[in-house]
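J.: Keeping the supplied structure of chain A fixed, place chain B upon it in accordance with the hints.
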Amino acid sequence: MDRVRIAIVGSGPAGLSAAARAAQLGLSHVLLEKTDHLSDTIYKYQKGKHVMATPSALVLRSDLDFDAGKRELVLGTWDSQTAKHKVNVRYRSEIKAIEGEAGAFRLALTDGAVIEAETVVLAIGTQGNPNLVRCPGANLPHVQYQLDDPGEYVDEHITVIGSGDAGIENALGLAADAAQGNTVTILNRSGDFARAKGANVKLLNEAAERGRITIRLETTPAEIRPGEMVLETRDGQETIRCDRVIARMGSAAPRAFVEACGIEFSSADREAFPKLSPTFESTKPGIFVIGALAGYPLIKHCMNQGYDVIEFINGNKGLKPADEPLLEAKFAKFKARRSVDEWLELLRTNVAILHELSPLQMREFMLDSEVRAYKPGEMIFERNDPGSSLFAIAQGSVLVEVDKDNPRITVPIEQGSVFGEVGLISGRRRGATIRAGENAVIVEVSRTAALKLMASVPAAKRALTRISVERQLLQMFGSGLTAADLAEVIDASEVITVPAGKHIITEGDEGQDIFVIRVGSMIIEKQVGGKPVFLNYLPAGSYVGEMALIAGGKRTATVKAAIKSEVIRLPGDAFLKLVKARPRLLDKLRADMADRQSINSFIESRKDSFSGVVDMYSATAGFLIENGIGEATDVLLIDENLCVGCDNCEKACADSHDGLSRLDREAGRTYAHLHVPTSCRHCEHPHCMIDCPPNAIHRGPDGEVFIDEKCIGCGNCQRNCPYGVIRMDSVPPKKPPLFAWLLLGLGPGPGEPDKAWKYKDKKEGAEKPKKAIKCDMCAGIKGGPACVRACPTGAAIRVAPEQFLGVSRLERETD
Amino acid sequence: MAGVFRDRDLDRRGRVREVTLHDGFLRHKSFRWLKISAALSLAVTLGYFMADVTPRPNGGSWYGYTLGTIAVLLILWLTLLGVRKRWMTRGRWSLKAWTSAHVYLGLSLIVIGTLHTGFQLGWNVHTLAWALMMLVIVSGIWGIIAYAALPKALSSNREELTQTQMLEGLRAIDRQLHEAAQPLAPSQAALVQKSLDQNVFAGGLWRRLSGRHRGCATARALRGIRRGDGLEKVQSLLERKSAMLARLRRHLQLKAMLEVWLYVHVPATFALIAALTAHITSVFFFW
Numbered sequence: 004m005d006r007v008r009i010a011i012v013g014s015g016p017a018g019l020s021a022a023a024r025a026a027q028l029g030l031s032h033v034l035l036e037k038t039d040h041l042s043d044t045i046y047k048y049q050k051g052k053h054v055m056a057t058p059s060a061l062v063l064r065s066d067l068d069f070d071a072g073k074r075e076l077v078l079g080t081w082d083s084q085t086a087k088h089k090v091n092v093r094y095r096s097e098i099k100a101i102e103g104e105a106g107a108f109r110l111a112l113t114d115g116a117v118i119e120a121e122t123v124v125l126a127i128g129t130q131g132n133p134n135l136v137r138c139p140g141a142n143l144p145h146v147q148y149q150l151d152d153p154g155e156y157v158d159e160h161i162t163v164i165g166s167g168d169a170g171i172e173n174a175l176g177l178a179a180d181a182a183q184g185n186t187v188t189i190l191n192r193s194g195d196f197a198r199a200k201g202a203n204v205k206l207l208n209e210a211a212e213r214g215r216i217t218i219r220l221e222t223t224p225a226e227i228r229p230g231e232m233v234l235e236t237r238d239g240q241e242t243i244r245c246d247r248v249i250a251r252m253g254s255a256a257p258r259a260f261v262e263a264c265g266i267e268f269s270s271a272d273r274e275a276f277p278k279l280s281p282t283f284e285s286t287k288p289g290i291f292v293i294g295a296l297a298g299y300p301l302i303k304h305c306m307n308q309g310y311d312v313i314e315f316i317n318g319n320k321g322l323k324p325a326d327e328p329l330l331e332a333k334f335a336k337f338k339a340r341r342s343v344d345e346w347l348e349l350l351r352t353n354v355a356i357l358h359e360l361s362p363l364q365m366r367e368f369m370l371d372s373e374v375r376a377y378k379p380g381e382m383i384f385e386r387n388d389p390g391s392s393l394f395a396i397a398q399g400s401v402l403v404e405v406d407k408d409n410p411r412i413t414v415p416i417e418q419g420s421v422f423g424e425v426g427l428i429s430g431r432r433r434g435a436t437i438r439a440g441e442n443a444v445i446v447e448v449s450r451t452a453a454l455k456l457m458a459s460v461p462a463a464k465r466a467l468t469r470i471s472v473e474r475q476l477l478q479m480f481g482s483g484l485t486a487a488d489l490a491e492v493i494d495a496s497e498v499i500t501v502p503a504g505k506h507i508i509t510e511g512d513e514g515q516d517i518f519v520i521r522v523g524s525m526i527i528e529k530q531v532g533g534k535p536v537f538l539n540y541l542p543a544g545s546y547v548g549e550m551a552l553i554a555g556g557k558r559t560a561t562v563k564a565a566i567k568s569e570v571i572r573l574p575g576d577a578f579l580k581l582v583k584a585r586p587r588l589l590d591k592l593r594a595d596m597a598d599r600q601s602i603n604s605f606i607e608s609r610k611d612s613f614s615g616v617v618d619m620y621s622a623t624a625g626f627l628i629e630n631g632i633g634e635a636t637d638v639l640l641i642d643e644n645l646c647v648g649c650d651n652c653e654k655a656c657a658d659s660h661d662g663l664s665r666l667d668r669e670a671g672r673t674y675a676h677l678h679v680p681t682s683c684r685h686c687e688h689p690h691c692m693i694d695c696p697p698n699a700i701h702r703g704p705d706g707e708v709f710i711d712e713k714c715i716g717c718g719n720c721q722r723n724c725p726y727g728v729i730r731m732d733s734v735p736p737k738k739p740p741l742f743a744w745l746l747l748g749l750g751p752g753p754g755e756p757d758k759a760w761k762y763k764d765k766k767e768g769a770e771k772p773k774k775a776i777k778c779d780m781c782a783g784i785k786g787g788p789a790c791v792r793a794c795p796t797g798a799a800i801r802v803a804p805e806q807f808l809g810v811s812r813l814e815r816e817t818d
Numbered sequence: 127m128a129g130v131f132r133d134r135d136l137d138r139r140g141r142v143r144e145v146t147l148h149d150g151f152l153r154h155k156s157f158r159w160l161k162i163s164a165a166l167s168l169a170v171t172l173g174y175f176m177a178d179v180t181p182r183p184n185g186g187s188w189y190g191y192t193l194g195t196i197a198v199l200l201i202l203w204l205t206l207l208g209v210r211k212r213w214m215t216r217g218r219w220s221l222k223a224w225t226s227a228h229v230y231l232g233l234s235l236i237v238i239g240t241l242h243t244g245f246q247l248g249w250n251v252h253t254l255a256w257a258l259m260m261l262v263i264v265s266g267i268w269g270i271i272a273y274a275a276l277p278k279a280l281s282s283n284r285e286e287l288t289q290t291q292m293l294e295g296l297r298a299i300d301r302q303l304h305e306a307a308q309p310l311a312p313s314q315a316a317l318v319q320k321s322l323d324q325n326v327f328a329g330g331l332w333r334r335l336s337g338r339h340r341g342c343a344t345a346r347a348l349r350g351i352r353r354g355d356g357l358e359k360v361q362s363l364l365e366r367k368s369a370m371l372a373r374l375r376r377h378l379q380l381k382a383m384l385e386v387w388l389y390v391h392v393p394a395t396f397a398l399i400a401a402l403t404a405h406i407t408s409v410f411f412f413w
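Chains as they are written, first to last, in our numbering: chain A, 4 to 818; chain B, 127 to 413.
The reader is advised that the hints may include incorrect statements.
Stated by the list, open to error - Listed next, the in silico DSS-like pairs over lysine-lysine satisfying Cα-Cα at most 25 Å (straight line):
no.: 1; chain 1: A; residue 1: K737; chain 2: B; residue 2: K381
no.: 2; chain 1: B; residue 1: K359; chain 2: A; residue 2: K758
no.: 3; chain 1: A; residue 1: K761; chain 2: B; residue 2: K211
no.: 4; chain 1: A; residue 1: K761; chain 2: A; residue 2: K713
no.: 5; chain 1: A; residue 1: K785; chain 2: B; residue 2: K381
no.: 6; chain 1: A; residue 1: K758; chain 2: B; residue 2: K381
Unchecked claim - Negatives, chain A to chain B, calculated, CB over 12 Å:
no.: 7; residue: A105
no.: 8; residue: G154
no.: 9; residue: A255
no.: 10; residue: G321
no.: 11; residue: V414
no.: 12; residue: R572
no.: 13; residue: A657
no.: 14; residue: E669
no.: 15; residue: A670
no.: 16; residue: P697
no.: 17; residue: W744
As the list claims (entries may be wrong) - To give a feel for the contact side, a few chain A residues facing chain B, derived at Cβ under 7 Å:
no.: 18; residue: T242
no.: 19; residue: R244
no.: 20; residue: R672
no.: 21; residue: A782
Simulated from the structure, these hints should not be mistaken for laboratory data. Just so it is clear, CB atoms sit at the ideal spot from N, CA and C, and this is done for glycine as well.
So that you can see chain A by itself, here it is in the shape it has in the complex (with noise of 0.2 Å):
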């Protein structure tokens, strides 16, 4: 019988680091691994796989590398350093119990051995324990819940159950080849793939309509049978031909075995995880659990804590967490030395919306959170820069500059409030300057950080949402209000989610509501000789309902969603008490109203003499907000009667970036000879920075949507865009000078080089991967963007919606 001081179970990320950690003290250990291979669940990836390796921000803490990378990269630099590490593995080793006390632990294994262990580590995760399709025939040796390599089937049948990530990725793998003539099916048992990552179910979708897949919504299996499979659907059972069936239905932790070992969990939810101490030390003593299985799936989470599981099992009660430099580092600069936990107890005490916070939270928070001082009268940010990030202030206070043209009118906000929250939510330009007031300690909030802590901490939901709704209505109201003034009418309000194409006022209806726009955009429209006719634009921070209000009657057009936008319903009765405290108020509402009346009559006025100009108008308004301008910040625009086909746009495209044109003129939608090309819209919120593992898609300083080089060329940001501007190339080898070409035909001229000489000019050995890119409005360059520079007939213009949809321009010269 062995007998060791510490056992580990499962060799996935978490135990194969303890153990690696164990071997590194010199401790006594065994890692116990139930296949022949080490870390079963990456494994079992398919072939390829990109392995991710977020948080992109914790540092890895652990005796064995890890990086971003191909499963087989990342499977062979861990056995080989298990193996220069000296772990002892034993293979093959499935635990059937656990039994005894800290100090004598007795581990039976299922092939008859008992080891010995003063402690045990539990690292099993959650994979092995795969959910089960439950039918007649489901023991059939057909079913399986892997996919090792999807190459190996041959002019199958095949079934895929499940509609996660594993699923999708299993079922594309299957069809990626059409020589293998695999017939794939997709089982879901729901109407949609929610719990996918959208980028997954994006690639289904083509799939399916390219004939690859076949996708069964709202179906499970209801018997398998060699050969066939019968399906349980919405209209009746139905027989398909099926010679494999693959499921990936999720799994579970393996619950009755983990209590069978002493183990509370907490509680009788089915996803629930162990309770476990601060050093993840079980309500059993002496057994600890780490990794997926305490509920942290992320491989770099899991190996640090392998990592600091044998630290503290050996007795290093001080061992701070592995993000402690980067935290240290964010508050090295202050003069007031505190240590890193009383720093982010001031931070939580002090600003309202992390009161709720756990300790752990904090760090997650601060990882992406960067803290600064600033002296009085410092500018934190200026009026119309481009930044969706959250400032709370932990000390002193800050000054708004609320009117552009006399920067002694200010308004303050005080300690332990927020501000920027307007750029965080609709995705504009920041609206006011912002200075220290006094001496002040600022925390800078990233966007993705802002989102977590709305989604995790529902009292900061709460509080940002009654923030940015009282400034946005007193920035855009002015007129004097204060916060005392608003608190019924925001008392009364709400906020609704408005999808696409929905009205929120319609012409003829009763209403004396008012909504302000808080993110997307609206258009308005007006009946006019039975034909809808566009009247105007509205980017978020502009309000709509107020003539009704005022002028009483019902409502004079229809307002409707041209992106998918949230508004802020204040109640008609509300507002107009409001209205009759505040004449100042109504004066303003009034003059905003005549403006809009104007541009009504002149609609109207129009209609009569030019029916057509309006019609036309109206209709190329509507073509471009289906084209996705209502949710553009910066468009590229061809005027067709201009454009004369030379591509020099293109050509100049290339030669401003890297021999790469980031635009395809010809292709995209065309209306009344305007030509919207290929080419990025730099969107408000951009779909492209949804999904992207390394986070290397970010907003610069002039609003452009930039991909950095930390791109792995992983393509989700490609499938993500919905206009398709994003394309995967490797730069071409650099041309000769275009003197070189004009003088003596060296090189292949302007413009991108064609597929031929780049390959035939490409250096040995000095091939570039593949990755991602699109337009970065030439940012950097002198002259701005080259397209346009670069366009002979001045056909090609860069434009911003509210520029030429209507007359936005009205709300800004009245502000």
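T.: Frame of chain A; chain B shown alone:
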């Protein structure tokens, strides 16, 4: 020309006025270069009549030299548009402004260059330079007309299709035609085969520019295959191919018409520079 980009705005009295957000190269900055070059032409014309040159206006007089120097500098600068267009340097320049200036200053050369001759034309290298200059200018005017008239037709004809998509569409129809023609009689199958074999790009410049395709195998196949049993599919495919071909040919024709003038304009420019070199050298050598 820029109707859709007109923005409505309010002036101080609250009335709506229209502001143009963009202009083509001809209207650039309210015809700035037209005004400049008109003023220049007017000034040199006035100078021509006021300058006291004896015995008669002549390229060799002081005024003639002035005009000649202006003209040669202008010609060299105008030639540089070709470099400017391809040289993507940083900085606040706009090719549209360059084109605008190129067009109007180029036109002013008609006045400057002709006055420089003093209307003394003959069969010599000097007149050759003038004639080449006029050829360049005339081909340029042809280009302006093409640029003004054709883009709209190009845009309407392609209807959001790119050239690659048109070619791909044609190939897709060809594949279907190939399948559908299998059961045909040998004589009819041969007609379809000819249509499949014919290269869209063949036929040379004249055919492309004129838009006449007498030898079109698809048209011939369509004529040869009358409606009959089992032929509807082939026929409808041939009709689709014919329509797609018409669109693609029109597209190529328009693109060729937008470019063909450059094949006169640019070589003539280089011939002009060569002739100018000869003209200037001979003038200075054989004073």
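J.: Could you check the structure against the hints above and give me the numbers of any it violates, in ascending order?
T.: 1, 2, 5, 13, 14, 15, 17, 18, 19 and 21
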